[in-house]
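Visitor: Construct the complete structure from the given sequences, taking the supplied hints into account.
These protein sequence lines are chains A and B, in that order.
Heads up: the first sequence begins at 12 in our numbering, then just goes up one per residue.
Heads up: the second sequence begins at 12 in our numbering, then just goes up one per residue.
Derived by calculation from the structure, the hints in this document are not laboratory data.
Please read these numbers as outputs of a predicted model, since none were measured by experiment.
Wrong hints could be hidden among the right ones.
Copies of the same chain look alike in the list, so a pair counts if it fits in one copy or across any two.
To be verified - Cut-off 25 Å, straight-line C-alpha distance, at most; resulting in silico cross-link-like pairs (DSS-like, lysine-lysine):
id, residue 1, residue 2
1, K44, K343
2, K412, K449
3, K132, K340
4, K135, K317
5, K135, K14
There are 2 protein chains.
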Amino acid sequence: MAKNQLHSFQNELSEWYNDVILKAELADYAPVKGCMVIRPYGYAIWEGIQNFMNTLIKEHGVQNAYFPLFIPMHFLNKEKEHVEGFAPELAIVTHGGGEKLPEELAVRPTSETIMYEMYSKWTKSWRDLPVLINQWCNVVRWEKRTYMFLRTSEFLWQEGHCAHLTHQESLDIVLWAMNLYQQTYNQLLGLYGIAGYKSNTEKFAGAGKSITFEMLMPNGKSLQSCTSHDLGQNFSKSFNWTVQDQNGQNVYPWQNSWGLSTRSIGGLIMAHGDDNGLKLPPNIAPIQVVIVPIPGHQDALELAKKIKDTLSLFRVELDLDDTQTAGFKFNKWELKGVPLRIEIGSRDVASNSVVIYRRDTGEKMTVAVAEVATNVQSLLANIQANLFENHKKFTQDHTLKIDNYDQFKQAMDTTRGFLSAHWCEDPECEAAIKTETKATTRCLPLDAKEESGTCVRCGKPSTHRWLFGLSY
Amino acid sequence: MAKNQLHSFQNELSEWYNDVILKAELADYAPVKGCMVIRPYGYAIWEGIQNFMNTLIKEHGVQNAYFPLFIPMHFLNKEKEHVEGFAPELAIVTHGGGEKLPEELAVRPTSETIMYEMYSKWTKSWRDLPVLINQWCNVVRWEKRTYMFLRTSEFLWQEGHCAHLTHQESLDIVLWAMNLYQQTYNQLLGLYGIAGYKSNTEKFAGAGKSITFEMLMPNGKSLQSCTSHDLGQNFSKSFNWTVQDQNGQNVYPWQNSWGLSTRSIGGLIMAHGDDNGLKLPPNIAPIQVVIVPIPGHQDALELAKKIKDTLSLFRVELDLDDTQTAGFKFNKWELKGVPLRIEIGSRDVASNSVVIYRRDTGEKMTVAVAEVATNVQSLLANIQANLFENHKKFTQDHTLKIDNYDQFKQAMDTTRGFLSAHWCEDPECEAAIKTETKATTRCLPLDAKEESGTCVRCGKPSTHRWLFGLSY
Chain A
12 MAKNQLHSFQ
22 NELSEWYNDV
32 ILKAELADYA
42 PVKGCMVIRP
52 YGYAIWEGIQ
62 NFMNTLIKEH
72 GVQNAYFPLF
82 IPMHFLNKEK
92 EHVEGFAPEL
102 AIVTHGGGEK
112 LPEELAVRPT
122 SETIMYEMYS
132 KWTKSWRDLP
142 VLINQWCNVV
152 RWEKRTYMFL
162 RTSEFLWQEG
172 HCAHLTHQES
182 LDIVLWAMNL
192 YQQTYNQLLG
202 LYGIAGYKSN
212 TEKFAGAGKS
222 ITFEMLMPNG
232 KSLQSCTSHD
242 LGQNFSKSFN
252 WTVQDQNGQN
262 VYPWQNSWGL
272 STRSIGGLIM
282 AHGDDNGLKL
292 PPNIAPIQVV
302 IVPIPGHQDA
312 LELAKKIKDT
322 LSLFRVELDL
332 DDTQTAGFKF
342 NKWELKGVPL
352 RIEIGSRDVA
362 SNSVVIYRRD
372 TGEKMTVAVA
382 EVATNVQSLL
392 ANIQANLFEN
402 HKKFTQDHTL
412 KIDNYDQFKQ
422 AMDTTRGFLS
432 AHWCEDPECE
442 AAIKTETKAT
452 TRCLPLDAKE
462 ESGTCVRCGK
472 PSTHRWLFGL
482 SY
Chain B
12 MAKNQLHSFQ
22 NELSEWYNDV
32 ILKAELADYA
42 PVKGCMVIRP
52 YGYAIWEGIQ
62 NFMNTLIKEH
72 GVQNAYFPLF
82 IPMHFLNKEK
92 EHVEGFAPEL
102 AIVTHGGGEK
112 LPEELAVRPT
122 SETIMYEMYS
132 KWTKSWRDLP
142 VLINQWCNVV
152 RWEKRTYMFL
162 RTSEFLWQEG
172 HCAHLTHQES
182 LDIVLWAMNL
192 YQQTYNQLLG
202 LYGIAGYKSN
212 TEKFAGAGKS
222 ITFEMLMPNG
232 KSLQSCTSHD
242 LGQNFSKSFN
252 WTVQDQNGQN
262 VYPWQNSWGL
272 STRSIGGLIM
282 AHGDDNGLKL
292 PPNIAPIQVV
302 IVPIPGHQDA
312 LELAKKIKDT
322 LSLFRVELDL
332 DDTQTAGFKF
342 NKWELKGVPL
352 RIEIGSRDVA
362 SNSVVIYRRD
372 TGEKMTVAVA
382 EVATNVQSLL
392 ANIQANLFEN
402 HKKFTQDHTL
412 KIDNYDQFKQ
422 AMDTTRGFLS
432 AHWCEDPECE
442 AAIKTETKAT
452 TRCLPLDAKE
462 ESGTCVRCGK
472 PSTHRWLFGL
482 SY
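Guide: Here it is as structure tokens:
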């Protein structure tokens with residue numbers, strides 16, 4: 012146990028993860044099976060993600076809206092693959108207002124069906140396209156076992172659903188959305204990952220193609236961190252939805268859907284941590300700087316307030332609690348992952364300087380009072396870049412080119428990580444690899460180069476290397 | 012029918028209301044009974060309300076969080092009045108993940124019970140108080156008949172839930188929250204209303220006292236527009252939740268809850284409209300200024316773009332659609348309630364001026380190009396103030412002092428509005444008034460002066476005038 016009474020980050024990641032979520036007050040188990048409560052410190056992270064993404068979403072002309080929580084079962088049944096994929100995870104409302112309902116309602120697991128029903132009502136001609144809509148909401152997919160943020164029966168997400176006259180326009184949005192997610196992960200959350208196509212087995216129920224963003228976690232498992240789907244015309248055909256094109260012909264619109272959920276917070280927590288707790292990248296940290304005047308040093312208080320005033324551009328907490336020791340406070344704010352801590356004692360007041368502590372590297376430095384604001388600004392930028400580079404290096408160091416099935420199996424037993432290997436794209440071969448090694452196809456990277464080779468397991472010809480790994 | 016094919020605002024308000032919501036694309040009926048779809052133009056209004064309120068909520072130290080959608084039935088059953096109030100309106104989940112659930116789950120109608128269960132876990136001593144939490148979410152209260160925004164089975168709202176060591180601190184938040192709502196209605200939505208105490212019959216199920224904000228609609232009906240409840244210690248006692256006070260004694264915390272919902276958008280639509288559609292106050296209007304270059308006037312385009320560049324401080328739409336006539340566009344933007352329209356034709360280009368049209372008064376004025384930005388700024392402020400003053404004057408003009416039951420009955424038959432009358436505060440008398448006149452007690456205004464009188468119906472002594480009216 013480390014000083015914050017956490018399990019070991021290196022050796023007991025699952026236990027560390029639960030510890031840090033509870034102790035840093037990011038979330039708590041709910042008294043409803045499979046559900047969680049997102050506490051203010053965790054919710055502030057979600058609000059940060061919402062703000063960042065909303066700016067980019069709206070700049071691109073996509074508008075937010077809100078569709079009903081309940082979906083009549085006959086809607087879900089319209090797209091065969093879709094209902095087969097989601098039926099086992101549904102929560103079902105059977106009674107409302109004291110009466111048995113004439114038709115059971117599903118609590119939305121995703122909103123394709125109810126949205127497209129409305130879109131078909133709103134669009135008559137090509138002039139009514141594209142429809143560019145996103146919604147922020149809760150969805151429910153029944154889970155037996157809770158893994159906070161990563162797997163809960165109810166979670167929060169955004170789901171973008173656009174409809175277009177041409178397949179190409181729809182594909183442009185599929186890629187734009189994945190780019191939006193990459194920006195969010197890279198620039199806001201300081202996380203690196205690989206965008207690529209899912210295999211046919213792993214794609215979304217009802218999609219033509221699914222693009223995923225896969226992030227490597229410290230235990231070598233891969234986290235599917237968001238997805239963007241090319242739905243082709245599957246749903247417009249199921250809903251018998253046509254519009255008149257420029258030539259007066261009835262055509263089926265092309266659709267896409269794309270989602271990022273509170274699962275992203277799980278990746279954020281896990282990828283950056285250490286034995287002392289969270290390390291939040293400054294761009295997303297609810298508190299970027301905590302100022303701790305040493306308890307009992309009365310002269311430190313005034314300087315602390317003065318320093319806070321010079322930091323109005325940043326999210327700053329001034330810790331004036333006089334019931335805790337300095338050491339207790341330092342541990343608490345490290346646990347909560349605050350990027351910078353400013354310590355002020357009587358000696359600092361005398362020398363007109365403060366001590367700044369960096370959460371990511373553990374460095375301490377003495378800074379003159381007049382230079383605090385400039386230093387904070389450059390340090391925060393530096394920490395943001397450093398955390399991203401660390402995660403990128405970790406991912407690249409744990410991505411192995413494998414050309415031989417024995418090596419593949421050995422790597423899955425030991426180092427794990429991403430295995431880059433040729434694969435024949437046959438679902439039976441994919442299933443056998445999973446049974447034999449636990450590895451699943453993570454994705455065919457968007458930037459994968461054509462390269463002739465042979466399937467790592469069956470030896471059939473292959474044109475590209477896929478990424479394999481253990482799934483979260 | 013007026014030019015936008017709406018029913019008459021004066022004479023057919025209900026039909027006008029539905030027309031304008033559908034035609035201005037604020038919302039649509041959902042294919043799920045009792046539910047609605049909030050379309051982007053309507054949802055942008057909700058986002059405006061969220062942004063305005065979040066700033067004030069956070070400034071006061073209240074933090075956003077998220078609690079589960081599902082509430083186990085035994086939680087709701089803990090507070091007797093609470094469950095009796097909500098049981099008839101619940102949606103019930105009986106199955107999850109393909110199996111019958113061991114305990115039925117209610118879809119939250121409000122979150123007191125699940126929140127207080129968690130609060131009791133998080134707080135052990137007076138040092139852990141106050142708990143200051145708010146959440147933005149969807150709730151479900153089953154309705155047979157949909158009235159868009161005003162009464163739907165699912166709606167969006169915020170619910171603040173705070174807990175305190177003393178009753179006084181809790182009461183301070185009850186009043187602060189009502190003040191927050193008044194600011195939102197007055198300053199953002201341009202709406203006037205009366206804050207006051209609900210009668211014991213009309214208060215929230217489980218509350219000690221409820222404060223409401225009542226707004227008068229153009230048909231003389233009163234809209235309960237939000238509420239703030241003093242819950243006393245009812246829920247902490249039901250949940251057996253105590254904390255240690257400064258003296259080491261176990262005490263029950265004092266709670267309050269306060270909520271404002273998408274119903275507020277219904278009031279906004281109805282209170283400001285006219286036969287041509289919506290009139291949105293500039294502070295909440297998703298589009299504050301629309302620029303319409305007259306179709307076919309090629310030279311107007313360049314000037315329109317130039318004008319748009321000078322208005323970067325405002326929310327501006329440049330209407331470049333070349334498939335519609337100028338007249339059609341003018342009607343469309345009036346229907347949507349855009350506060351200012353700037354019209355630009357070849358003649359305007361020649362005189363280096365534009366025409367500005369005010370939606371609230373219908374005035375048109377010619378403004379030199381160099382003065383457009385300054386004019387827009389002052390006109391928007393003027394429209395905001397004017398719409399509020401209009402609604403305030405309407406409300407005051409329709410608030411009648413009544414001291415005689417015959418007059419009371421006559422007023423309810425004819426002018427409606429708020430009736431200010433003495434009442435004995437006896438629930439039986441209240442019920443009789445409702446049966447005999449359809450009027451319900453709306454509230455005892457917070458600023459009501461003590462005044463000795465006799466109950467308008469039964470003649471028993473009374474100390475204050477209450478507001479009566481027809482309920483929405």
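Visitor: Indicate, hint by hint, whether the structure satisfies it.
Guide: Hint by hint, here is what the structure shows:
no. : hint         : result
1   : K44 to K343  : neither (30 Å within a copy, 50 Å between copies)
2   : K412 to K449 : within (18 Å within a copy, 79 Å between copies)
3   : K132 to K340 : between (58 Å within a copy, 22 Å between copies)
4   : K135 to K317 : neither (62 Å within a copy, 34 Å between copies)
5   : K135 to K14  : between (64 Å within a copy, 23 Å between copies)
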